[in-house]
Structures are given as C-alpha cells and as structure tokens.
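So the chains spell out like this:
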Amino acid sequence: MIDFPIIRVVSKFMIPYILLFGLYVQFHGDFGPGGGFQAGVIFASAIILYGLVFGLPAAKSVAPEWFVEKLIALGLVIYAGTGFTCIALGGNFLDYDVLDHHVLPGFLPHGQHLGIFVVELGVGITVTSVMIVIYYAFSARERRA
Amino acid sequence: MTPETFFGLFNYWIVICLMMTGFYIVISSGNLIKTVIGLNIFQTSVFLLYITMGKLTDPVKRVTAPILEGGHGDSHGDHSAHGEHVAQVSFEEHASEQLHDAVKHAHADLSEAGHGGAEHAHEVAEVLYSNPLPSVLMLTAIVVGIATTALALALIVRIREDYGTIEEDEILELDKELQ
Amino acid sequence: MIEQLIQFLDVVSKSPHLPVLLIAIPLVAAPLLILIGNRKLVQILSLIVAWVVFGISVAMLGRVLATGAFEYQLGGWPSPYGIVYRVDHFNAFVMLFVSALGALVLTYSPPSVAAEIPRSKHYLFYPSYLLCMTGLLGMCVTGDLFNVFVFLEISSLSSYALISLGKTRRAPLASLQYLILGTIGATFFLLGIGLLYQITGTLNMADIAEKLAASDAKRAELVAFAFMTVGLFIKMAVFPLHTWLPNAYTYAPSVVTTFIAATSTKVSVYAFVRMVYTIYTPKFAFETLPLDRAMVVLALIGIFVASIAAIYQTNVKRLLAYSSVAQIGYMLLGIGLATEAGVAAGVVHMFNHAFIKGGLFMVVGCFALRIGSVRLEDWRGAASVMPMTCFAWAVGGLGLIGVPMTAGFVSKWMLLTATMDAGNLTVAMLMLISSLLAVVYVWKVVEAIYFSEPSEKVKAAKEAPLTMLIPTYVVIGATVVFGCWTVYSAEIAQLAAKALLNASGVVQ
Amino acid sequence: MMTPEQLIMTSLALPLLAVGLVFLFGKIPNLRDGCSIVVSVLLFGVTCQLAQLVFNGERPELVIGEMIPGFKIRFLIEPLGMIFALVASGLWILTTIYAIGYMRGHHEKNQTRFFACFAAAIFAALSAAYAANLLTLFVAYEVMTISTYPLVTHNGDEEAKRGGRVYLGILISTSIAFFLFAIVWTGHIAGTLDFVPGGILQQPFAEGKISPAGLAALLALFTFGIGKAALMPFHRWLPAAMVAPTPVSALLHAVAVVKVGVFSILKVVIYVFGIDLIRETNLTGSLSDVGISDWLCYLAAASILLASLVAMTKDNLKARLAYSTISQLAYITLGALLASESSVIGGGMHIVMHAVGKITLFFCAGAIYVGAHKKNISDMRGLGRAMPLTFAAFLVASISIIGLPPGGGSWSKWFLAVGCVESGQAWLMGALMISSLLNIAYLVPIPIRAFMTPKGEEPQKWHEAPMMCVVPLCITAVGSVVLMFFADSIYRVLLQIV
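Chains as they are written, first to last, in the numbering used here: chain A, 5 to 149; chain B, 1261 to 1439; chain C, 529 to 1036; chain D, 36 to 533.
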C-alpha cells in the first residue's frame, strides 16, 4: 500500500501518536483506565499498521521476529519475577506491600504502586509482542503459500 | 412479563441473541473460518453479560466508572485482586491492614452492585461506582479469546496448506479418499 | 554437603509458599525456556522443573496429611477478596498424580519427541508442555472460580498447540475440532461463573457456597449449574460430548497423547466434583436435579458404546482413546452416588486410571518409535523383538481390565461395593458386564503382539530404548503396586471423599 | 522347625521362586528343569508338614496385608484346602517330570515361558487352597486364569489362539460378571468375606437382609461364576483348552484349574452359605417348591449325563477325556449343592480321586502321542501290545474314574450316592448310576481295543514313550488304587469340616 500517498503520509503521521498514546495508557494504568493489556494492543497496532503500509520486511526491520519472540518471554518473566521478588522479600506471591522502599520518595513509586507498575509493564511487553508475532505469523504464511 | 421487565432486561436479550447466533454458526457452518467467527460471537455474548452486569444505574446519584478522582488517598478507590492482577490500585501511604479494611468496605459495595446491577446500592458513598471486577475478568477472558482465535486461525492456515480447502466436508472427503 | 542439602529441602518443604510455587515455577520456566532456546538445555531444564513440581506436590500432600487443609493468599489479599489457593486432601491427591505423570512422561519423552516432532519445534514443545501442566495444576490448587477458568484455558490452549504438533495432516484438524468444542465448553463454564457471580457477588468457592445456601435465586442457580456442568462434561469427554477426544488422542504426538490422556480429563472431573460438592451441594445436584440418574444413564451408555467402538478399532491409539471415554463413565458412576464410598471410588479410579492409561500410552509410544506405526496389523508378533515393551502392555492391559493385583481391580472393587451399598444392584451388574468389553479390546492387542507371526515392520524393529522403558515400567509398576498396596491411593481417596462430603454437609 | 506362619509363607514362596529360577536359567535347560523338580519336591515336603499340623486340628494363619481398605489378603488352612494343596503340590512333581519328558520329546519352543507359567499356576492353586476369605480366593482364581492362558495358547497357531480366546473369554467373563458380583454382594449382605465354619449368610438371612430368592440367585451366581468348575452351560472353555500340550491338559483338567473351580464351590457352600442354610431353605421350599440349590442340582445332574453322552461321541482321545472331566466335575458340584454331610465329603474326596485318576489318563494320552503320534481313538487298535504299561495304567485309572473297586473313585462315588439319599433326592442317584454306566462305555473300550485287536499298520514305529513320561503315569495309576485303602483317613479329615 506504499503506493498510495495519502495512506502513506497519514500513517506516517499517525504512528508516533499511536505509540505515544500506547505509552500513556501503559503508564497511566495505575491511576486511571488503561494498563498493560490495552497499551500492548495499541502499541502493537502501530507496528502492525507500519507493516501493513510499508510491507512486512520494513516492519521486521523495526521489530525483528526473533527479538519480538524473546520479548514475549521477557514480559512474562518480569511479571512472575515481581511475584518471586515479593516472596524473596518475605511477603506472599505478588504481595506488593513488601516492595516499600525509601529511595527518592515522591518520585519513584513504591509499595502497591510499584508492584502494579512493574507487573503492568510486563503485561504490556508481552501483549505487544504477542500481537506482533501473530501478525507476522499470518502475513508470512500468505507469502509462502 | 410486563414491558418494563422485558425491556429492563434488554441486555440479557441481546446476550441470548448473540449467544444463539454464535452457537448456531458454530454448529451449522462447514466453513472453518466461519466456525471461528461464530465462536467469537459466542464468546462475545458472555463478555457482554459480564460487563453489563457490572454497570450500575441510579436515578438519583451520580454513577461513574471506578476512577479515582481528586488524587490519592481516597479510601474508596477501586480494587481488584482477581484475574491477572491488573487492578488499578493506588494507595500510597496505607499499611496493609488499613488497606484490607478499605477493601472490605469497598467490596461490600461491589457485592451489592453485583445483584443484577439494577438494584440500589446502599448509601455508603455519595458517588456510586460501577463494579470494575467484571470488566477486569473480561479483560482476561478477552485475552484468552484472542489466543484461542489466533490459534484457531493458525490451525486453519495449516489445514488450508495441507488440504487446499477450509470446507469441513471436503476435508473429510479428502481423508476418506486417502484411506 | 548432604546435610545442608537435607536441611535446605526441609526448609523448602515447610515453606508456606508451596501452593504458589507449584504454579509459578513452571509458569516462569516456560518463557525462560523460550528465551534460552537451546534444544538440549531446554530439555534438561524442563525435566528439572517437572520433577521439582512433583516434589512440591509431594510436600503439599505430606503437609495436608499431617496438619489438614491449608490456604495461601495471593498478594496477601485475604479471602474472599483476593485469590486464594487452597490445598486439601482431594486436590493434593489429584495434583500428586498429575505432577507425577507429568514428570514421568517428560522423562520418557526425549526419544519419542525427537522422532515425532520436527526439530525446529522442540524448543516450543517443552514450554507448551510445562504450560499445560501449569494449567492443570492451577485448576486443582486454586480456590477461586474465575481462576479455574483461566487455568482451564491455559491448559486447553497449550494442549491444542501440543496436539497440532502431530506428524500427520489430520493433527491440525483434530486440534481444531477439539479447540472448537473445548472453547464452547469453556465459554459455557464462564457463563456459569458469571451467573454465580451475579447471584453471590464473589468468586471464592467457599464464599460462593456459603452465599448460595442463603440465596433464593433458585432458577439462576440452576441455570448456572447447568451451564457449568455441560461445559465441564465437554472437557471431561462424557458421552455424548466426547467426539473431540478420539481424533485428538489419535493424531497428537505420542508423548502429548500420553500426558493429556493421563491427566487432562481427570482434572476436569476434579473441577466437576468441586463444583458439585464444594460450591453446590450434592443434595442440589442429585435431589433437586436428577443429575445422578442422568449421569448413571450417560455413563453406562458411554461405557458400552465407547467400549464397543474400541473393540472395532485397528489403530491402537484410537482404541485406547475410546477406552478413555468409557473409563470416564466409571468415575462418573462413583461420583454420582454421593456417598463417601462412591466418591472415594470415583476419586481412586481417577488416580488408578491415570497411571494405567498413562502407562499404556507410553507403551504405544515405544511401539510408535520402533515400529513406526500404531496400527495393530503392524504390531503383530512384536513380542519376539520387543519383549519388555510387550510385557508392559500385557500388565497395563490387565490393569485396564481390572484383574486382581492391579490398580484397576481396586477401583473396580470399590466402585462395585459402593454401588451395591447404595442399593443399586442393576447398575453394579451392568458395570461388571461392561468391564468385560475391556477384555476384548485389550486382548485383541495381546494376541496380536504375542501370538502372531511377526509383520514386516516388526522384523526390522528392535527393543525400545531404556530411557523410555524405565519410565514406562515405573508407571506400569505403579499400577501393580497400587493394586496390592493401597495406603497411598485408596486411603487418601477415602480421606478426600470424607473431607468433601463433610464440607458439603452430607456426613456429619 | 518353622512356625506354621513361616511354613505357609514358604509354601507360597516356593512356586514363585521356581518362576524366578526358570526365567533366570532359561538359557540352560537342564539347570532350569532341575530347579523345577527340586523346588516341587521341596514344596511337597513343606505341604506335608503343614498337612500334619492341619490334620491334627490346627488352623495355621497368615495375614499378608490389606489389599483394598477393609479387605485383607489372608490365608488360613482348613482340611479341605489342605487336601487340595497336597494333591496339587504332589501331582506337580509328577507333572513336572512328565512335562520335561514330553516337551523335550516334542522339541517344543518357548519352554522357559511354559515352565514359568506352570509354576505360577501352582502358586495360584496353593493360594486358592489356603485362602481365608473370598477376596483372596478371587485373586488366586484370577491369577490362575491369567497364568494358564499362555499355556493354552502355547502352540501359537490359529487353533491355539482360538482355544485361548474361548478359554480366557469364558473364564474371565464368568468370574467378573458373576463371581465378583456375587462376592461383592455377599460382602454387602454379610459385612464380611471370611470363610467361617457354618457360613456367614445364615445370620443375615435370619435377619431378613436377603430373601430366599436372593439367596438362590446368589448361589447361582457363585456356581456359574466359578466357571472353572465347568458346569454346563459354561463348560465350553474346557474342550477348547485341549489345544494345549498334554502336560498342560493334565495340569488344567486334573489338578490345578478345574479343581480350583470345584474346590471354590465347595468352599462357598460350606463356609459362605453353610450346609445347614442350604438344606433348610431347600426343605422349606421357597422358590415355588423348589429349594435354592435344587434346580442347580438338577442342572449338575444333567451336566453329568450330557457330558458323558458327548464324551461317547468324541473320537479324539483328549476331547473325550475333556468331556469326561466336565462330567466328573459336575459330580463334585452336585455333591456340594446337595449340601448333606456325606455328599460334601464325597465331593471333597472326589477332588482327590478324580485328580489322580484323570491325570493318569491324560499322561497316557500324552504318552500315546509321544510314542505313537496317535490322537484318535479309532487309530489305537492294537496299540496296547506296543505300549503295555501305558494302557495298563489307562485301564486302572479308568476303573477308578468309573467308580469300581479297587479304584479310589469307588469311595467318593459311594459317599456321593449316600449324600443323594441323605438330602432326600434319592432319584438323583439314578443319574449317578447311569453316568457310571456311560463312563464304562466311553473309557473301558479304549484299553480293551488297544489290547485285544491285532496291531494295525506301521506297528514297528510304535514304542513306549520315554521313561520320563511313563514313570509318572505308572506312579499315579498305582496311586489311584492305593487311595482306595486310604479313603478312610481322607474321610476322617473331611469329617472335620462338616
């Protein structure tokens, strides 16, 4: 679809805002509506749009397949790692209360807030990469067949 | 059944219609893609059931989405510990016991709200919040649904590559020929 | 060094975090394995994880037996607000055999996986396997109803993926058929949960049970129960909702079939028992609703139809698959009695059948590896070249029939006494007659492998490798051990049944 | 000196040891077979020691453990079981010797599997003999079925497989569908499965927990469920199992399998129902003037006659012997079901007499096959002159089976006949008499034809079978005569149980 100037220009224009919005939803998730799931999908949609318009190879050069695949795992590891950190700090699994700390109070979140923040980050990463991988998997098939 | 109750329960009618439509498509369609679409509609109906049950309406009070207003420290913040722990909780200074008290308090609201969604919640707060829990649950269910759909589509792609068709009858026919 | 190790193990086994570690370890391990990507390393690590999980479930069962049921609050949220993992006799017992078979099958798997799954998919196979295990164990351990649904889907999705790894082109189709029916089942289950949540405003099972007792929304309760029952019946492959099972078992790779056949349907039975006895009451299910009669009829028809279908199969995997459908019927018969003895019989049959069917599918895997086929005509005369494998089949087959000194006999006996004590002579008689059908389909295979001229494929074959034979014999040996010595099978099942019925107020 | 417990343990462990040794030395035939013989002799020694204790009134007991919660594997030896164990272990020695001769003479394959299964069957027979409750008996019964199946299909050809199918099919189906059902039912009613002198069903019956019709059904379930007793119409497995090598037939049809069947029926009648209970209910006539065991008695009598008639039509010697066995087993079943003192004693005694007599006949059939390769009776004209010992033994054993002096069978049949009178069914004696005549008609002509008629074709090829075959059959033939003079001691032992 790279031949259609309107699509090309508009999408080029849109993609940064989509990404930005995705980040907003991600990081605002602990205060308002939003969170990792939504943010992940929004974020992935930017990449998918890029792929749709500029072709799969272009998208893959931005987000290489192997890299995205590893990100899926990374997100999950962040999520569960938080849980294990809580155990290590003497709480129950995912008991964020133990994440209290006194480094840069008022700037760095802590306690429940920090826990949710990190977990959401993990979720966001995983969802983003899963969405991209699904897109890659299907669009690559089309070409081979 | 009076018209009031009939239309008052409109969300259920929608859910039932969607559900049966989806189910019918799954059963009747020989086209695998259509079957998966049917499956999606079927699942969506359940999502709707959950989400509508969390919604609260009240003729007098203001009912709003469970979003914290006026910054932190409001003890009537929403909570959720279910599903994938995507709850949006923002208690900054609370020790865990206080937190649990607050949660209990909030929960009392929520379980009331759970009763069909149309009942009045008793007056604990000036502002009524819709129950966020069903939405959160559905977030998980939607994710599951996406995974299922993606997997189903991936399988269909493979089937199509192996058999050259996505019509169930033709596939079975091809298998019979093979044997 | 060793002392320190023992001390460490001691501390770990006393850790309050065991219930969550059981889930979290394989759950984390799965993505880590994908990150690692090295085939050999993935294999070894997944094996370690599986055995660690088994160790955890043993420790938990030990603790339950010593001090009774215990809970774990996720995130420190107290029940009923947070998710609670609750371990009692029943689920500790189920988790024990699920994790035991998970670990044993994984130990057995490498040669079979190498032969049946493309090399490039190996690093995905092991994580999926662990995820499937996570899902099954999660369904058992959790005390939160929505969590059951989530774990049900985790296990289902990974098993769809695992099944589609099969070599033939039928595998994706079989997987898709399972996926469609499985999703319908899970969605029904979800709908039921939604209705229950609407009635009670909580998702904690114990809490729901309490609130249901006080609620007067009888019709909504009934609808919720119906949806959940049908949903779980699909997952359990109860006749006539079993149609997904034969294809799925037949076309999946042998290792996958072994694991799923041994554990998956049983965990769904577990969920069903929980629903009937913990959330609802047997009185509601069996008196208000005539579910017990429906179950007896369905179970008996299912046993007869599936057993007869099994007799006519020439594909041994399919034969065993039909036999699995029949065996689910026996579990239902026991559970539907709503007496302590009946539930104990159903539960112990879950345990025994897991080992018997697991062992038999392991044997099938050995044959598939060496002979390259699971068709009966290719197995003819196999005893001359694969005596150990064939003997394992014979013993496992005897267990399936329910010959004395095998685990199958213990469950048959307990089921029979329970049915009899419930005053149901006809059902007892029909049950016995139906079990004769097992003789036919098991012996069909025994005769072929022992008393026939070797087929072409057999002549070229050799004995299965020890890495597969040893786990196979451990599982098959377990069926014999648990046929003669029932302290850790039948007696725990009885404790579990007692606890279940006590909780639901049947036994005072 | 070992304690009684240890003796039981040893006598059960020895056959298992034999199984292990046979597998261990599978590659060295001489050592393997030597082990079998040595173990069988040792076993007989141990059994004799036990017998001394039991006949002096002791009841040694051994508890293995709980197999199913609430149900124990337990052994307790009483006289009937002891006699059966003695017969089984004693005849095992002879059968082993004979089998070695036969198997080697025939160059059979898979001999290791053969001898291992053989020992396993003896283990099962002894466990059944010592069983102290129905569960243990059932376990032993099933182990017996499974362990003898490979013996029946030993040849591995289509015919053997068919035979094996019928064998396993009938025995497993009856045992699971009827026997197991009856056991569980009994447990349900009586609350125990132990064998208790006087029976365990009397009390529940008196309390009305089971109706007379239920009792009749239960007895029928037991009688048919114990398919090894080969009561018509569940007798088909026995002729089908004739495809097995002759030593197996000898073991199956004289010692282990069929005797476990009738022994179990006797046990059930004596220790589960109790003779008194059956007799009482028979006298009160509950099932429209037919007692709970009466119709089964008639069936047994019919079985006796029909099987004898069928036997007459058979030209294949082993088939004829098989039907003869069916008929003789029905005698024992009848004895049990008549439920009078004498009939039960007669039944118990007939286990011994028939075992010794019938094993001789089978040994002879095998010897004839080894020596002259003849299976059909019509081909045996004049064979007696070439194989005098074999046919003499055949004649002696036939006389014992028929029930004529000086054969041991005369005593057991005498007691059976007395039993008929005692239980008021004197006319059943008629069936016994007619059957005896039929016995004469189908057994005696065989040796007579062999001795009297001139030799047929190719007589130079005929010769006696090897020593390993002939000696055992001579011993058992002599035994069947000697037993006549020891019938009194058997009687006194059996008197303890009624």
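No wet-lab data here; the hints were simulated from the structure. The beta carbon of each residue, even a glycine, is placed where N, CA and C say it ideally should be. Careful, some of the hints might be misleading.
[Stated by the list, open to error] Residues of chain B clear of chain A, computed beta-carbon distances all greater than 12 Å: (1) F1267; (2) W1273; (3) T1281; (4) V1323; (5) T1400; (6) I1402; (7) A1407; (8) E1433; (9) D1435.
[To be verified] Dumping the calculated PhoX-like pairs for lysine-lysine here, alpha-carbon to alpha-carbon at most 20 Å: (10) A/K64 x A/K16; (11) B/K1436 x C/K746; (12) C/K746 x C/K811; (13) C/K695 x C/K739; (14) C/K972 x C/K985; (15) A/K74 x C/K649; (16) D/K349 x D/K409; (17) C/K568 x A/K74; (18) A/K64 x A/K74; (19) C/K695 x C/K972; (20) D/K196 x C/K972; (21) C/K649 x C/K695.
Okay, the hints, checked on the actual structure:
1. F1267: B/F1267 clear of chain A: closest Cβ-Cβ about 29 Å, beyond 12 Å.
2. W1273: Holds: least Cβ distance 28 Å, greater than 12 Å.
3. T1281: About 25 Å separates B/T1281 from the closest Cβ of chain A, which puts it past 12 Å; holds.
4. V1323: holds, 16 Å
5. T1400: With a cut-off of 12 Å, B/T1400 comes too close to chain A, as the shortest Cβ separation is near 9 Å.
6. I1402: Contrary to the label, B/I1402 does not stay out of reach of chain A, its closest Cβ about 8 Å off (not over 12 Å).
7. A1407: Incorrect as stated: the minimum Cβ-Cβ distance to chain A is 8 Å, not above 12 Å.
8. E1433: It holds; B/E1433 is separated from chain A by about 21 Å at its closest Cβ, greater than 12 Å.
9. D1435: B/D1435 is indeed farther than 12 Å from all Cβ atoms of chain A, at 21 Å.
10. A/K64 x A/K16: holds, 16 Å
11. B/K1436 x C/K746: violated, 49 Å
12. C/K746 x C/K811: holds, 13 Å
13. C/K695 x C/K739: Measuring from Cα to Cα gives roughly 50 Å; hence the hint is violated.
14. C/K972 x C/K985: holds, 19 Å
15. A/K74 x C/K649: The given pair, whose Cα atoms are some 15 Å apart, holds under the 20 Å limit.
16. D/K349 x D/K409: At roughly 14 Å apart (the allowed maximum being 20 Å), D/K409 and D/K349 satisfy the hint.
17. C/K568 x A/K74: holds, 18 Å
18. A/K64 x A/K74: With Cα atoms ~14 Å apart, A/K64 and A/K74 stay inside 20 Å; holds.
19. C/K695 x C/K972: Cα-Cα ~26 Å, so violated.
20. D/K196 x C/K972: Given pair D/K196, C/K972 holds - Cα atoms ~11 Å apart, limit 20 Å.
21. C/K649 x C/K695: It holds: about 12 Å lies between the C-alpha atoms, which stays within 20 Å.
Checked against the numbered hints above, the structure violates hints 5, 6, 7, 11, 13, 19; every other hint is satisfied.
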